Amino acid sequence: EAAVTQSPRNKVTVTGGNVTLSCRQTNSHNYMYWYRQDTGHGLRLIHYSYGAGNLQIGDVPDGYKATRTTQEDFFLLLELASPSQTSLYFCASSGSRDRENSDYTFGSGTRLLVI
Amino acid sequence: GDKVKQSPSALSLQEGTNSALRCNFSIAATTVQWFLQNPRGSLINLFYLVPGTKENGRLKSTFNSKESYSTLHIRDAQLEDSGTYFCAAETGGYKVVFGSGTRLLVSP
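Chain order of the listed sequences is A and B. Numbering of the first sequence is given in my numbering, commencing with residue 1 and proceeding in unit increments. Numbering of the second sequence is given in my numbering, commencing with residue 1 and proceeding in unit increments.
FYI, nobody ran anything at the bench for these hints, they're computed from the structure. Because the structure is a prediction, the values reported are computed rather than measured. Glycine included, C-beta positions come from ideal geometry on N, C-alpha and C. Check before you lean on any hint, since a few could be wrong.
From chain A, some residues computed to sit far from chain B (all C-beta separations above 12 Å) [what the hints assert, rightly or not]:
1) Asp62
2) Thr69
3) Thr70
Result set (BS3-like, lysine-lysine): computed pairs, CA atoms no more than 30 Å apart in a straight line [said to hold, decoys possible]:
4) B:Lys95 - B:Lys5
5) B:Lys5 - B:Lys60
6) B:Lys54 - B:Lys66
7) B:Lys95 - B:Lys3
8) B:Lys60 - B:Lys3
9) B:Lys3 - B:Lys54
10) A:Lys11 - B:Lys66
11) A:Lys65 - B:Lys3
12) B:Lys95 - B:Lys66
13) B:Lys3 - B:Lys66
14) A:Lys65 - B:Lys60
15) B:Lys5 - A:Lys65
Work out the full structure, taking the sequences as your base and the hints as a guide.
Spelled out as structure tokens, the structure:
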């Protein structure tokens, strides 16, 4: 079954620490997205990609890097984590835009705590 | 300001009643999606819309691109409809931007 798998599910790090969040999709989708979800803000787009090696900047990119190593894998990197980056992070993938129905698929989320 | 503004931010309904959620866009949306985040946190696709209307069971959604809004109508609300509803607009370049959500609680 097609899926988006995020790891880890939970992560605690210290301020200034280095964190990598992983996302793998088996949907054969071209597009992948990283969002953060915070109370009162909904889901905010951090970075997205439309293929291996491609990276697009979202609405809240500061403090985050991302890398799309393959069609399946999209990583979010926090090189100097700060408490303001404590959040619930979602990865999503989607396929062709020539479709009648959405194939937008979310992972289960990664909860990050920066202390 | 918010590019995708949802209203209301929270809503309480009794079982069996009807209601409507709304999204207003300050960006040029080409398509709109509606999602439900259930109490366990999972995000579920409800609708994908080009300008027009779709219906699925007790849910009906409309996207009016000329007036930059979308609505989600819930008919005969059930307890399992509780959760947070998000709309998301796709703009040029395949960027998908979400609203802040509407928290819905359906009570017996």
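Here is how each hint holds up against the structure:
Residue placement check: aspartate 62 of chain A keeps its beta carbon more than 12 Å from all beta carbons of chain B (closest about 17 Å). Look at threonine 69 of chain A: its CB is around 19 Å from the nearest CB on chain B, clear of 12 Å, so calling it non-interface holds up. Under the 12 Å C-beta cut-off, the non-interface status given to threonine 70 of chain A relative to chain B holds; the minimum distance is some 19 Å. Only pairs whose Cα atoms come within 30 Å are accepted, and lysine 95 of chain B paired with lysine 5 of chain B is accepted, the gap being roughly 16 Å.
Between lysine 5 of chain B and lysine 60 of chain B the alpha-carbon distance is near 19 Å, which keeps this suggested pair within the 30 Å criterion. Between the alpha carbons of lysine 54 of chain B and lysine 66 of chain B the distance comes to roughly 17 Å, so the proposed pair stays at or under 30 Å and holds. Taking the CA atoms of lysine 95 of chain B and lysine 3 of chain B, the gap is near 12 Å; set against the 30 Å cutoff, the hint holds. Note on lysine 60 of chain B and lysine 3 of chain B: the hinted pairing holds, with a Cα-Cα distance of about 23 Å set against a maximum of 30 Å.
Distance check on the hinted pair: lysine 3 of chain B and lysine 54 of chain B sit about 23 Å apart at the alpha-carbon level, within 30 Å; holds. About 44 Å separates the Cα atoms of lysine 11 of chain A and lysine 66 of chain B, which puts this hinted pair outside 30 Å; it is violated. Between lysine 65 of chain A and lysine 3 of chain B, the direct Cα distance comes to roughly 23 Å. Compliance with the 30 Å bound is thereby established for this hinted pair. With a C-alpha separation of about 20 Å, the suggested pair lysine 95 of chain B and lysine 66 of chain B falls inside the 30 Å cut-off, and the hint holds.
Only pairs whose Cα atoms come within 30 Å are accepted, and lysine 3 of chain B paired with lysine 66 of chain B is accepted, the gap being roughly 16 Å. For the hint pairing lysine 65 of chain A with lysine 60 of chain B, the CA-to-CA distance comes to about 38 Å; that exceeds 30 Å, so the pair is violated. Under the criterion of a C-alpha separation no larger than 30 Å, the hint pairing lysine 5 of chain B with lysine 65 of chain A is consistent with the structure, at around 27 Å.
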